[in-house]
Amino acid sequence: MYVKKIHFERTGGFAGIRLAAEIEVNELPDDQKHEILELLDEMDFDELPEKPGNKMPIPDEFFYSVTVESDSREYKVSGGESSLPQDMAPLLDILGSITKQKMRERK
Amino acid sequence: MHNHRHPIHCIVPPHVLEQIATKGSDTQKSLAIDTLKASERMRGQRRALADFSGAVSRFAAVGGKERIIYDAKNGSTLPGTVVRNEGDPDSSDVTVNEAYEGSGATYDLYKNIYGRDSIDNNGMRLDSTVHYKKGYDNAFWDGQQMVYGDGDGELFNRFTIAIDVMGHELTHGVTQFEAKLVYSFQPGALNESMSDVFGSLVKQYSLNQTADAADWLIGQGLLASGVNGVALRSMKEPGTAYDDPVLGKDPQPGHMNDYVNTISDNGGVHINSGIPNHAFYVVATTIGGKAWEKAGQIWYVTLRDKLTSNSNFQDCANLTYQAAAELFGDGSLEQQAVKTGWAEVGIDATTGGTTTPPSGNGCLSSLLRAIGAAPAK
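These protein sequence lines are chains A and B, in that order.
Each step along the first sequence adds one to the number in the numbering used here, with nothing skipped, and position 91 is 91.
Each step along the second sequence adds one to the number in the numbering used here, with nothing skipped, and position 278 is 1278.
Hints are supplied without guarantee of correctness; some may be wrong.
Stated by the list, open to error - Subject to a maximum C-alpha distance of 20 Å in a straight line, what follows is the list of computed SDA-like cross-link-like pairs (lysine to any residue):
no.: 1; chain 1: B; residue 1: Lys1249; chain 2: A; residue 2: Gln101
no.: 2; chain 1: B; residue 1: Lys1180; chain 2: A; residue 2: Asn54
no.: 3; chain 1: B; residue 1: Lys1133; chain 2: A; residue 2: Ser82
no.: 4; chain 1: B; residue 1: Lys1134; chain 2: A; residue 2: Ser82
no.: 5; chain 1: B; residue 1: Lys1073; chain 2: A; residue 2: Gln86
no.: 6; chain 1: B; residue 1: Lys1133; chain 2: A; residue 2: Gly80
no.: 7; chain 1: B; residue 1: Lys1180; chain 2: A; residue 2: Ile58
Bear in mind the hints are in silico, worked out from the structure with no lab data behind them.
What you are looking at is a predicted structure, and each value in this text was computed from that prediction instead of being measured.
Next up, chain A with everything else stripped away, as it sits in the complex (with noise of 0.2 Å):
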């Protein structure tokens, strides 16, 4: 899969603030930018349902939303950490430090 752009977001929790960055790929340095094709490779994040799971939220987890921007469509993914794919846990550390990263250099 092509992957130009990923728009991540982390909502609720504990603390309530909201994390969100939008992430051009190509600009990543080359060992982030591999991980992060590895990762959405692996799980096959373009055949994952839209919300994986429909349990029901649980009180304080932190709720993701992950969209992959390709050159023809956008693939997206949303829930409850609970609720979304194991496999897709190590995909949300990088993407969130990234976006803090981001939201540090922004300020």
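Given the coordinates of chain A, assemble chain B onto it according to the supplied hints.
Just chain B, lined up with the frame of chain A:
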């Protein structure tokens, strides 16, 4: 505590017990009432067990205060390794001790002040896991236990740092067993607010502070040193807890005029909770003295007996107003304080509402009124 097994337990159906409770001899009545109460508690437990499969071993109903602290050792497997049992001496790990003390202080407030024996009012063991994942920015109640992350160290410190966080998480457990407020939009914001209210009361009770002396902050010390803010939320002045170039500004409103309509954060449950939070603050400071004594009692009875899963802010205002009348008298200063508290956030508390009908019925009846098929209100 002993586990009394009464001969009529488990055999007599509830509706028969209800008959005995109303029509039997005095001895029969009290026996039947006890049995009904016990089976109510059992049902509560069974329901929780059914909701969260695999939890059986963790629902040890021993009665009294029993805490276990686990260490996830930066992994994501729950509950992790036991590191401190009830009665064990201090650990060398400050996080373990904070989780232990915080859950103990929460147990004490509920038990000593409101007569509630743990989350389920049946001695449920309080399990907490610390060091969940690596640099994890959160704490949550997963339906069975509390879970605490260490924070990333740049934006957040460890989540056990503020005692009200433990009170907040455990209160999600209490709400799960009582009002069962659904976790979205206004019922969700009430769910959050109840957790902040009792979280703050745990802190005030542990410090033996009056309402005037309390800081009314949620998560004081949780924001890392570089962040411009004092806490995550302020019940005294919603919207003022932080204002930081990276994290942005505290988005909480303190009045219905500023209610935030959003689908994010389950419909703004951590945002609009500022409104009922501030109402509680005004009620508590208007009454004066120790907030857990009167204002806390009114809120506790409302959470335990009056709110239902879909209650909204208006319902909560009416029901706390009603609870205040029942506890302290119609027209009492306490009841007036409840009115003042809700008025301050733009809600008129009245005795009119008991519980609102499900929204479906409400929609139907207003539609019928609109087309003239039902009398106007």
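Among the hints numbered above, which are violated by the structure, and what are their numbers in rising order?
none
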